[in-house]
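J.: So the chains spell out like this:
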Amino acid sequence: MRHLKKYLPLAVMALMVTAVQLLTSYTGTAYYLTQLTITAYYGLLITGLCLLMGYAGQLSLGHTGFFAIGGYVSAALTTHDLTACRNDFFITLLNHAHLLISRHDIYGEPLITVKAWPACLAAIAAALLIAFIIGIPVLKLKGHYLAMATMGFGIIIFRIVMASTYFGEADGISDVPAFTLLPGLTVSGDFSYRTQNYYIAWGLILTGMFLLINLIDSRPGRALRAIHGSPEAAEAVGINTARYKLLTFVISAAFAAVAGVFLTHFNGGIGPSEASIMKSVRYVAIIAIGGMASLWGALSMGVILNFLSLRGVFGSYDDAVFGAILVLVMLFAPNGILRLPIWRKLNFRHRDG
Amino acid sequence: MALLTIKDLNRSFGGIQAVSDVSFKVKRGTIKALIGPNGAGKTTMFNLICGNLPPTSGRISFKDQAIETLTAHRIARLGLARTFQNIKLYPGLSSLENVMLGRHSRSHTGFIAAMLNLPRARREEDDIEEKSYALLKMLNIAELADKEAVSLAFGQQRAVEMARALAAEPELLLLDEPAAGLNIYETAELAELITQIREIGITILLVEHDMSLVMRISDEIVVLNFGRKIAEGVPGTIQNNQEVIRIYLGGDD
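Protein sequence lines, in the order shown, are assigned to chains S and F. Quick note: my numbering has the first sequence finishing at residue 355, numbered continuously throughout. Quick note: my numbering has the second sequence finishing at residue 283, numbered continuously throughout.
Everything labelled a hint here was simulated from the structure, so no lab data went into it. Quantities reported herein were computed from a predicted structural model and do not represent experimental measurements. Do not rely on the hints blindly, as some may be mistaken.
What the hints assert, rightly or not - Chain F stretches covered by chain S per the calculated footprint, using a threshold of three residues with CB under 8 Å from any CB of chain S:
no.	stretch
1	108-115
2	128-136
3	145-158
Where a beta carbon is used, it is the ideal one built from N, C-alpha and C, also for glycine.
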């Protein structure tokens, strides 16, 4: 029973997700589901980053980079026409492996592209590989040096997608096709798929939370918290701190890349704003508001703030609002909103959280 | 047979020779003490042995294996555990979790098995918890298991740190000033505990300023001064060594 207790919040979350869907359906406000779907994908990135920042104590201001790699690679592979080079050896090889699909574009012209599944896997693999290569040197740095290096990485990705015609420069990539996960389960922004996509997105984040909840309460999870608390003492009990930091960096990059792939296919496109450095700052702010080492805090704050932002509540002051919230939290609730003494007074949260 | 052999070890920081040409051995199943005035190079010696600092020159071998070029976590995995002079417990973790971390080198669950919560990961986790709890009991601090370790009283923190080191089932245990900050009753209990640890087959090397404790429990003592070894022998010989007496009591200067 003790082992099942940690899954209780997951069950509550699944019920809430269902309740929200039913509520929007009864009240005729199902249009909220679109923003809630997008929110869930950002939430996936945020929880992965929370593992890296809150638990392993490694700050990354470059996670939009991994999100963008996932989204852009998948978008480019599923939209760029390979008709012109269909007789090239490599393309023939891909075709024989049944990795290509031929269809017609909106003007009725024939179009040969990579199928969504292999494109998605290639995109995630690209993000993992880059996280691995970047992580080895960068994670030797500490504190604000690490923040600056990861921010540099984020800026490089942003400049690459802005400059490269392959990635559509300032326009980004549009007409990204739907992504059929399984027969009857399609990631698509099309109106008729709205409810289904809401459940796909939230199912994905429930799965992500399941994995992370297991991880933080395990041997490697404890090791991460030990590295955060005292790297020297972590080494002294036999923890390979460099390896653990790197693996955590790669895992959190995977969460960001998966979020990027799914959101791009859901939106039907991706633009450079998804790779901008302000987005990274926003994710970091959300994790700080949620209380750093708190997956549920980060997720709930991420859902609330991103939803409000997507609804346009903050207007043109969007980024400014996030900046202001970050300053206020640092001043008045440095351990996050959920750890304010007021909750203890209301006896709202249980003792050991 | 020597478990740990230090040979011609040197370490300098800029122009300062913190450890120079130190050689000694720690025999299996014994308690050896490293003593000397402040700044004698004792903690540097510990950091060199544990792999936190690379030596400038010289050799360190543990279980007949050269370890002077290995990183700290690899040395720990070979069966060497330590405590720190300024206690290093992990904030945000309970006493039990701190001790459970001590079993890191004796367990295997990786990221994937942990994320999927595989049956073998669960079994190992239960085993880690059981063994760690047993250590808290042995040190009479089982009631503190769920308390955050860094919020405990000083003596209790030392006990948690000791439990964490023992959780690794080390062959060699390095204790850096284990009696610092303890009162005479706690020090007496500590002496008892260290002797017990030796009896279960763990070799001990300790740095300590409390001379009565050192003289009571040590099998052998090495004395350092300004980074050099000036004496080595059983407590009786060290107590009567003129050089040691001069350093500790001031002599003619």
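J.: Confirm or reject each hint.
T.: Checked hints:
| no. | hint | result |
| --- | --- | --- |
| 1 | 108-115 | holds (count 3) |
| 2 | 128-136 | holds (count 5) |
| 3 | 145-158 | holds (count 8) |
Hint compliance for this structure: every hint is met.
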